[in-house]
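4 protein chains.
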Amino acid sequence: MPIVLGDNQYGKAETHVVRVTKSGAEGRTHQIKDLNVSVALSGDFSASHLSGDNSKVVPTDTQKNTIFAFASESPLGEIENFALRLARHFVGEFAFVYRARVSVEEFPWARIQVDGKPHPHAFVRDGSEKRLAVVTCTDDAAWVVAGLSDLVILKSTGSEFWGYPRDRYTTLAETRDRVLATALTARWRYRAAMADWAVSFAEVRRVMLETFAVKHSLALQQTLYAMGEAVLEARPEIVEIRLSMPNKHHFAVDLSPFGIANDNEVFHATDRPYGLIEGTVIRDDAPEPGLAW
Amino acid sequence: MPIVLGDNQYGKAETHVVRVTKSGAEGRTHQIKDLNVSVALSGDFSASHLSGDNSKVVPTDTQKNTIFAFASESPLGEIENFALRLARHFVGEFAFVYRARVSVEEFPWARIQVDGKPHPHAFVRDGSEKRLAVVTCTDDAAWVVAGLSDLVILKSTGSEFWGYPRDRYTTLAETRDRVLATALTARWRYRAAMADWAVSFAEVRRVMLETFAVKHSLALQQTLYAMGEAVLEARPEIVEIRLSMPNKHHFAVDLSPFGIANDNEVFHATDRPYGLIEGTVIRDDAPEPGLAW
Amino acid sequence: MPIVLGDNQYGKAETHVVRVTKSGAEGRTHQIKDLNVSVALSGDFSASHLSGDNSKVVPTDTQKNTIFAFASESPLGEIENFALRLARHFVGEFAFVYRARVSVEEFPWARIQVDGKPHPHAFVRDGSEKRLAVVTCTDDAAWVVAGLSDLVILKSTGSEFWGYPRDRYTTLAETRDRVLATALTARWRYRAAMADWAVSFAEVRRVMLETFAVKHSLALQQTLYAMGEAVLEARPEIVEIRLSMPNKHHFAVDLSPFGIANDNEVFHATDRPYGLIEGTVIRDDAPEPGLAW
Amino acid sequence: MPIVLGDNQYGKAETHVVRVTKSGAEGRTHQIKDLNVSVALSGDFSASHLSGDNSKVVPTDTQKNTIFAFASESPLGEIENFALRLARHFVGEFAFVYRARVSVEEFPWARIQVDGKPHPHAFVRDGSEKRLAVVTCTDDAAWVVAGLSDLVILKSTGSEFWGYPRDRYTTLAETRDRVLATALTARWRYRAAMADWAVSFAEVRRVMLETFAVKHSLALQQTLYAMGEAVLEARPEIVEIRLSMPNKHHFAVDLSPFGIANDNEVFHATDRPYGLIEGTVIRDDAPEPGLAW
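Chains as they are written, first to last, in numbering that gives the first Met the number 0: chain A, 0 to 292; chain B, 0 to 292; chain C, 0 to 292; chain D, 0 to 292.
Be careful, since some hints might not be right.
No distinction is drawn between identical chains; accordingly, a pair holds when it is met within one copy or between any pair of copies.
Claimed, not checked - No more than 27 Å apart at the CA atoms, straight line, and that leaves these computed lysine-lysine pairs for DSSO-like:
#	residue 1	residue 2
1	K116	K32
2	K116	K55
3	K21	K55
4	K21	K129
5	K21	K116
6	K129	K55
7	K21	K247
8	K32	K55
9	K21	K32
10	K116	K247
11	K247	K32
12	K32	K129
These are calculated hints, taken from the structure and not from any lab test.
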């Protein structure tokens, strides 16, 4: 009954780096990238686990330094490219690192408007949404997953839910009109480790938002699938998309005790419990995911 | 050495109400208000404390119901008005309630764009910032404080910090160029309980953002004061403004061990500790704040 | 209509310092103090606000260094003493600092038990509760407030709520038996800046817990007052106590649709909204609070 | 290039149920179970995704009701048993549900002591740690994973880190003495869906704590493996354990600018970035995990 080491990985998580790129007269026009970067390495680390021999353990402090050093390159580029450079570095530099995964969250900023014009170096955080990239590299392969999280969306009509099975524990009333709200997390896998990341991201986001808006919904599952399908139809470079959609319940408040009708106008938004709908939409001919996820 | 009851208040906190207002053909064009409402009542509640006699304790459940019922009024209006109606109700309805304070947080939403046009009933959360109103009423007076929180702003240059006193514990290097970043909370007091709340809010926000952007900063204190002063100069209806500005440190990373110069381009953004700068800017002739805060 | 600077303060917030004190053979027996320390200074800071002249602005970085340096003193002692030393330092060292407030949160740790014996230098976090101290000093006075937060307590019976006023918005049913649950925050003011802080803290905590347990409750207000009164009766060194008690609602679930009786056995614990009950219990002869709060 | 539905699941997340069990004279002695329960179902849900046909979608509201109804059974028992009953119900009741996963978090409570004796129905939250169970059932199989999270532990000595590879980005100094701190998450898989869950949980927790304390650490990886190995050696009913250990950095503060030596006595505890060490320890002969994870 021997006991053995199974899957393992380690790395530096959540290095928060802000990169300022300067241009224009006296370098007074700035761009900023605000990134939260996490590294996870897999490899031949059994000696460290079994005997504390760290000769193959790249310190997480070194990983952090590497992130900062690589961030100094100009241009830093899209987060998918930045993550690819970092992940390739770790598998290339250290023979005993078999797999490097670099995850990046990007926080959005917009320029502050002054007299209607964008200011060259003053910014305001532009939403609570995050753009995501997860890049996984081995010596001879690379997988790119991009995504977004915390995209909070709501439809105040155009959503129904009925026709579900009933058992002795069912008390829910069917509805032909309800609020549908969620905080979307979506992650999509690219066919190859090369694409126009910025355009692709913007278009995926746009397509998902538009589909959420216009698709009449008989179930959050239907909305989820429609959003994923629309993304794959619009973007040939993407082969799979995974969506996670908490159903943020909005209950129409019973105002009848106060002699007030409530025609789906006053809602109580609750925190917990919530439905959680998760699904994958994928091309029939998608290449195997390998280590992408 | 008798022991007595001192200041006390109670109420329902954080009732999360979403109000949909319908218009247009078949009521398909919607507006939404997404509000987190808290009530705090002060009054003659000693019997409840001393003997558990609740004959003067309006249940917090009733307060919640009242919020929902009042939310059904159309139009709900600006949050300052909604809070005024609620606060006046509690002091008017219950003789033993001397003071009612209603605090509202409003979460911003924008319409989803479909083919470049705003959708009539699909929305996306528009930022992490919250709009605030705190209204306090007695039988014969009312105070209105408005505000915003979580407005995250950053200047990547145009900020210095030097000339400070030094003691044996001082190691900080002076700087003529640094990142200045904060998550602004501002609350301002109106001269009267009547104003064009929406315009006033929008203008205060605009003036604060513009001042943050254009004011060359020798200290976060100076920026804070300039922002407050600009608000009071622009908005005669406001008599006092209180700002709280955490100094979200961005440290230029020392890349010299890697042979890389860092001319304020790569920063490590840290969470804790942080500076916390708080200040009030007020008119000389401001009326007494009374129970406003 | 001149505009002026009003109340203001600044300082370094949330410096997280862990102090290890070593004793015994080869210094292998350790004690730890895990503290989150915040400093707020008031003084003659108008030049910084008005013109960016920082000659009287002790950098928050210096404040942080001072916290670390003072933490090296041995013994560090109770947090009230540590805060007193720090606060006195700031008002003593800098003539233009009129008031220094030092707030400390202490996180509790217990020793890990190995074979039934406490380990000399391995520890486990002992609860989510925090011990608090807030010390305020001027050149010639000091005020000490101690406290605790996040003490989560629950009574599964021995709590009623009835006899409250009813209006058109009242739907709550009276109850002679309910769950009473809260996350207590309590802060108490000492008569003088000298006491046996550790004993006092332990006894206040014990008295509050026991009173919560044994006091039959007709209202959370009554429980709050009883807890405060019991503290003041037990501890002459304390002159005032402020309690904040969110009413964490536990609703008995209606299981009748499933043919199941629910005699207060199955509850749905909700997050929001919640009642929030806040009150002060004070001695008649308490000295003026001055700058304590 | 057809597009298809891939993996998907849905369910009600985070139903917070508190169960009071009464015994003794007049039922005045109570026990409480405080549980956060999440359900995720997989099955034949394609019609809902593709056309909004919900005839096979058990409403998450029904799932919530089922949780409450099942919680009324007496005794509720250990969370592993409660989760097994729920998961088996969903796959048994609904032919189109192929897999049900029920995840439970249990919050610990202790009795309040009054005059040194445990009170029959007053409780205090006992730590921030959570006990976990994740049970997965199909029609003819069941997998039980138990665990704990948020177990915060710290060693103030007995930890080294040196001998690691160096590259151009390495600046970390080797250390023979450091603080080792983490917030442990551990999840372990049982060989069968039957065990003495309470004893097993208590022993796993004890063994992990003792191993963390006594194992001299040359790497957090070594500590992780030793903890997992000790669990498997002590508990034959467990075949695999997965541990996740963020390395919560404690940096010895450089006090030399102030003329103070710091012999690992004053530390700055930082939030981000942190190391994240994850690993699996498994028996050679462990049965295939199937759907356990």
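Here is how each hint holds up against the structure:
{"no.": "1", "hint": "K116 - K32", "result": "within (21 Å within a copy, 29 Å between copies)"}
{"no.": "2", "hint": "K116 - K55", "result": "neither (53 Å within a copy, 37 Å between copies)"}
{"no.": "3", "hint": "K21 - K55", "result": "neither (38 Å within a copy, 33 Å between copies)"}
{"no.": "4", "hint": "K21 - K129", "result": "within (24 Å within a copy, 31 Å between copies)"}
{"no.": "5", "hint": "K21 - K116", "result": "within (18 Å within a copy, 35 Å between copies)"}
{"no.": "6", "hint": "K129 - K55", "result": "neither (34 Å within a copy, 34 Å between copies)"}
{"no.": "7", "hint": "K21 - K247", "result": "between (42 Å within a copy, 21 Å between copies)"}
{"no.": "8", "hint": "K32 - K55", "result": "neither (32 Å within a copy, 35 Å between copies)"}
{"no.": "9", "hint": "K21 - K32", "result": "within (12 Å within a copy, 40 Å between copies)"}
{"no.": "10", "hint": "K116 - K247", "result": "between (37 Å within a copy, 26 Å between copies)"}
{"no.": "11", "hint": "K247 - K32", "result": "between (31 Å within a copy, 16 Å between copies)"}
{"no.": "12", "hint": "K32 - K129", "result": "both (12 Å within a copy, 24 Å between copies)"}
Going through the hint list in order, the structure does not satisfy hints 2, 3, 6, 8.
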